[in-house]
Amino acid sequence: AQKVTQAQTEISVVEKEDVTLDCVYETRDTTYYLFWYKQPPSGELVFLIRRNSFDEQNEISGRYSWNFQKSTSSFNFTITASQVVDSAVYFCALSEVYNQGGKLIFGQGTELSVKP
Amino acid sequence: GAVVSQHPSWVICKSGTSVKIECRSLDFQATTMFWYRQFPKQSLMLMATSNEGSKATYEQGVEKDKFLINHASLTLSTLTVTSAHPEDSSFYICSAVQFTEDYGYTFGSGTRLTVV
Numbered sequence: 001a002q003k004v005t006q007a008q009t010e011i012s013v014v015e016k017e018d019v020t021l022d023c024v025y026e027t028r029d030t031t032y033y034l035f036w037y038k039q040p041p042s043g044e045l046v047f048l049i050r051r052n053s054f055d056e057q058n059e060i061s062g063r064y065s066w067n068f069q070k071s072t073s074s075f076n077f078t079i080t081a082s083q084v085v086d087s088a089v090y091f092c093a094l095s096e097v098y099n100q101g102g103k104l105i106f107g108q109g110t111e112l113s114v115k116p
Numbered sequence: 001g002a003v004v005s006q007h008p009s010w011v012i013c014k015s016g017t018s019v020k021i022e023c024r025s026l027d028f029q030a031t032t033m034f035w036y037r038q039f040p041k042q043s044l045m046l047m048a049t050s051n052e053g054s055k056a057t058y059e060q061g062v063e064k065d066k067f068l069i070n071h072a073s074l075t076l077s078t079l080t081v082t083s084a085h086p087e088d089s090s091f092y093i094c095s096a097v098q099f100t101e102d103y104g105y106t107f108g109s110g111t112r113l114t115v116v
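One line per chain: the protein sequences are Z and P, in this order.
Just so we're aligned, residue 1 is where the first sequence starts under this note's numbering, counting upward by one.
Just so we're aligned, residue 1 is where the second sequence starts under this note's numbering, counting upward by one.
Just so you know, these hints were derived from the structure itself, not from any lab.
Each hint should be verified, as a subset may be incorrect.
On the chain Z side, residues computed to face chain P include the following (Cβ under 8 Å) [stated by the list, open to error]: (1) 19; (2) 24; (3) 25; (4) 28; (5) 30; (6) 32; (7) 40; (8) 43; (9) 44; (10) 102; (11) 104; (12) 109.
Predicted, not measured: the structure shown is a model, and the values here were computed from it.
We treat Cβ as the ideally placed atom computed from N, Cα and C, and that holds for glycine.
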């Protein structure tokens, strides 16, 4: 069965610090997708990144970067030079394309608080 | 890009009444939609998978008779919370998946249900 674990429930940093949010997943499928979403207090989910199981290249988008390592089943998310606007709950999620009909399963979420 | 419209954004209802939440895909056909529930400070828990023209598939522990899901067209899925009780108060969010080259999910903005 698919499972996503975000061991860090809450993280608090001071502005301009770098912060890494951990994500570990479990799957028996060889074809799957991993996602990161941001959920601000308003509740809507903001899509950050999608990565498929065949693409292990790391990705950088501005201050955001992602490290995908199949060997450790991890898909970690780093924010460089954090800002107050980064404060939100961040979810890592997994979708097994063929075995689970596209169900998207979320980790527990990490609440990031960036203080000025 | 793909847009999913979810209504209402918030609703307050009396205990014992039923509430219907609508989820519409505005610019694409959504053959499969998912319904999630999120309690405060918790993750998004998948309630059911809604497939157009067929019965919904519920996750373990979700009461089918309490949470009625209808997916009568390719653009509309509805969730009806029947005989609502205060413990049903939660944030409900729908999602449509696109099994295309641009595999991904589009989320509604969510419905905050309060049962008094």
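The hints, checked one at a time:
Residue-level restraint check for residue 19 of chain Z is violated (minimum Cβ-Cβ distance to chain P is 20 Å; threshold 8 Å). The criterion of a C-beta within 8 Å of any C-beta in chain P is not met by residue 24 of chain Z, whose closest approach is roughly 15 Å, and the hint is violated. The beta carbon of residue 25 of chain Z is not positioned within 8 Å of any beta carbon in chain P (closest approach about 14 Å), and the interface hint is therefore violated. Checking residue 28 of chain Z against chain P by beta carbon gives a least distance of about 18 Å; that is not within 8 Å, so the hint is violated.
For the restraint placing residue 30 of chain Z at the interface with chain P, the shortest Cβ-Cβ distance is roughly 15 Å, beyond the 8 Å limit, so the hint is violated. With 8 Å as the threshold, the beta carbon of residue 32 of chain Z stays out of range of chain P, its nearest partner Cβ sitting at about 10 Å, so the hint is violated. Among the interface hints, the one on residue 40 of chain Z is violated; its C-beta lies about 12 Å from the nearest C-beta in chain P, farther than the 8 Å criterion. Hint status for residue 43 of chain Z: holds, given a least beta-carbon distance of 5 Å to chain P, under 8 Å.
Given hint, residue 44 of chain Z at the interface with chain P, holds; its Cβ is 5 Å from that chain's nearest Cβ, closer than 8 Å. Interface hint status for residue 102 of chain Z: upheld, as the beta-carbon distance to the closest one in chain P is roughly 5 Å, under 8 Å. For the restraint placing residue 104 of chain Z at the interface with chain P, the shortest Cβ-Cβ distance is roughly 6 Å, inside the 8 Å limit, so the hint holds. A least Cβ separation of about 5 Å between residue 109 of chain Z and chain P falls short of the 8 Å threshold, and the interface hint therefore holds.
Hint check: violations occur at hints 1, 2, 3, 4, 5, 6 and 7; the rest are consistent with the structure.
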